[in-house]
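**Student:** Take 0 as the starting number for the sequence shown in numbering that gives the first Met the number 0 and just add one per residue.
Possibly wrong hints are sitting among the right ones.
Unchecked claim - So the derived label-pair ranges between C-beta atoms look like this:
#1 Glu321 <-> Asn480: 41 to 51 Å
#2 Asp191 <-> Glu321: 51 to 61 Å
#3 Leu162 <-> Pro58: 53 to 63 Å
#4 Ala127 <-> Ala266: 17 to 27 Å
#5 Ala406 <-> Lys365: 39 to 49 Å
#6 Ala521 <-> Pro453: 41 to 51 Å
#7 Arg404 <-> Glu189: 32 to 42 Å
Think of the hints as simulated: they come from the structure by calculation, not from any bench. Here a beta-carbon is modelled for each residue, glycine too, at the ideal position from N, C-alpha and C.
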Amino acid sequence: MAPRVLISDKLSPAAVQIFKDRGIEVDFQPDLGKDKDKLAEIIGTYDGLAIRSATKVTPKILEKATRLKVIGRAGIGVDNVDLPAATARGVIVMNTPFGNSITTAEHAIALMFALAREIPAADASTQAGKWEKNRFMGVELTAKTLGIIGCGNIGSIVAERGLGLKMKVIAFDPFLSVERALDLGVEKVELDELLARADFITLHTPLTDKTRNILSAQNIARTKKGVRIINCARGGLLDEAALAAALDSGHVAGAALDVFLEEPAEASPLFGRANVVCTPHLGAATTEAQENVALQVAEQMSDYLNTGAISNAVNFPSITAEEAPKLKPFIELAEKLGSFAGQLTDTDIKTCRIVYEGAVAELKVKALTCAAVAGLLRPVLADVNVVSAPSVAKERGVVIEETTRAATGDYESLITVTVVTDAYERSISGTVFADGRPRIVAIKGIKVDAEFAPSMIYVTNKDKPGFIGRFAGLLGDAGVNIATFALGRDHAGGDAIALVAVDGAVPAGVLGKVQELEQVKAAKALAF
0 MAPRVLISDK LSPAAVQIFK DRGIEVDFQP DLGKDKDKLA EIIGTYDGLA
50 IRSATKVTPK ILEKATRLKV IGRAGIGVDN VDLPAATARG VIVMNTPFGN
100 SITTAEHAIA LMFALAREIP AADASTQAGK WEKNRFMGVE LTAKTLGIIG
150 CGNIGSIVAE RGLGLKMKVI AFDPFLSVER ALDLGVEKVE LDELLARADF
200 ITLHTPLTDK TRNILSAQNI ARTKKGVRII NCARGGLLDE AALAAALDSG
250 HVAGAALDVF LEEPAEASPL FGRANVVCTP HLGAATTEAQ ENVALQVAEQ
300 MSDYLNTGAI SNAVNFPSIT AEEAPKLKPF IELAEKLGSF AGQLTDTDIK
350 TCRIVYEGAV AELKVKALTC AAVAGLLRPV LADVNVVSAP SVAKERGVVI
400 EETTRAATGD YESLITVTVV TDAYERSISG TVFADGRPRI VAIKGIKVDA
450 EFAPSMIYVT NKDKPGFIGR FAGLLGDAGV NIATFALGRD HAGGDAIALV
500 AVDGAVPAGV LGKVQELEQV KAAKALAF
């Protein structure tokens, strides 16, 4: 059955055609996003949901979205999607961070020009029949210092444009490397230095707990007297009341805002001022940008639903179309290794160490780690999935350690999952052979060669003659048919392992009889 996608906001007809061309059934209802009840009523029949800003994806809607695999937001902000709820249900949430970057950067530059030359006020005055040539005395941008807070995709475009205007560009961004700053031609500085030096400050950072009110009353007070402030990112990045007070005192010469704390902005302490320019969140409002983000989200969602490729997901590592088929067998392996370890662990897990060796270490191991952690937690938390697993592990205080290294043993690729509790440390290793099927190759350092099966019995025992016969006989007497039988030991007469795949579920009582056998240290029924 072809995947089904619902488009609940206004999206380009070209985006609809992309879905159809990729073999995806698409239902275009551009006004549905405004009707939460109707959306909740029908969302259960769709695999994908393509939205803009009008659709609010709430926990109630996600609860009804039993088939939903992916939400695609045509634009950058995903504030209208309940991300924790989507993640908990295993729904990939994608955005399109690059489709409107140029448009938003150009709007910031346009606002900077409008602010520097008082263009909106001059326009209103002139169209009112006045000719106040001497009233509007602006400033040049040339040789001024432009301070960029957040030098990511949009901020870096603003930096390039600023340099083209012969401005001195400085940037504060904890994630901006020195090498990248040199490539851009900007000077990387700390926030206090940017506030003290910049003639113009423009904000281009996401809204997070760390960036909220980054231009607080205290930080605005640290700015250079006569500074002009531009915000085309998120309203919560600055304190509007504090900015209004700084404008009143003359410390801030002017401000230009495209975004506000409350939107639609029907009232603001910044309205009605000649030295403030306001626009109604127009950062992405160009024909080109609207078309770009629509096409991009359609392509991303189609790729995911058809091939498993993940692009620009905000709650899962990206996987290219080329990586997806290579990753698939290793994702299965990682999840089953994690499940094996989780089913053997009866106490609280403190740490999970995952080591990737050889060719698998060159793949997108973040996705593999998500799968391993999901498998590890699922025996206790049935609803956990590969998307929610990292956040669930963090909530439960489980430390996840991830290591990659070159091959050191007999296998081209090897994944080892180690679980650490207060009582013990236990490891299981596996690989994928040429047939693409995952296999177990070591348990607790003991070599073993076994395929995963839906139903298995795991036994640890002392290596003594006659044990295997008694074990197999017990299973036969109980009517349990053995599919495969894998054995391993650390040395003759030492610790040994038996891993038996059986047909059907292990009958109640059989495991207890196995545990009563002489030499048996532990026995466990496993399901995959």
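**Student:** With reference to the structure, classify each hint as holding or not holding.
**Tutor:** Hints versus structure:
1. Glu321 <-> Asn480: 41 to 51 Å: With Cβ atoms ~42 Å apart, the hint holds.
2. Asp191 <-> Glu321: 51 to 61 Å: violated (44 Å)
3. Leu162 <-> Pro58: 53 to 63 Å: violated (45 Å)
4. Ala127 <-> Ala266: 17 to 27 Å: Taking Cβ atoms as reference, Ala127 and Ala266 lie about 24 Å apart, which means the hint holds.
5. Ala406 <-> Lys365: 39 to 49 Å: With Cβ atoms ~20 Å apart, the hint is violated.
6. Ala521 <-> Pro453: 41 to 51 Å: violated (21 Å)
7. Arg404 <-> Glu189: 32 to 42 Å: The hint (32 to 42 Å, Cβ to Cβ) holds, given that Arg404 and Glu189 are roughly 36 Å apart.
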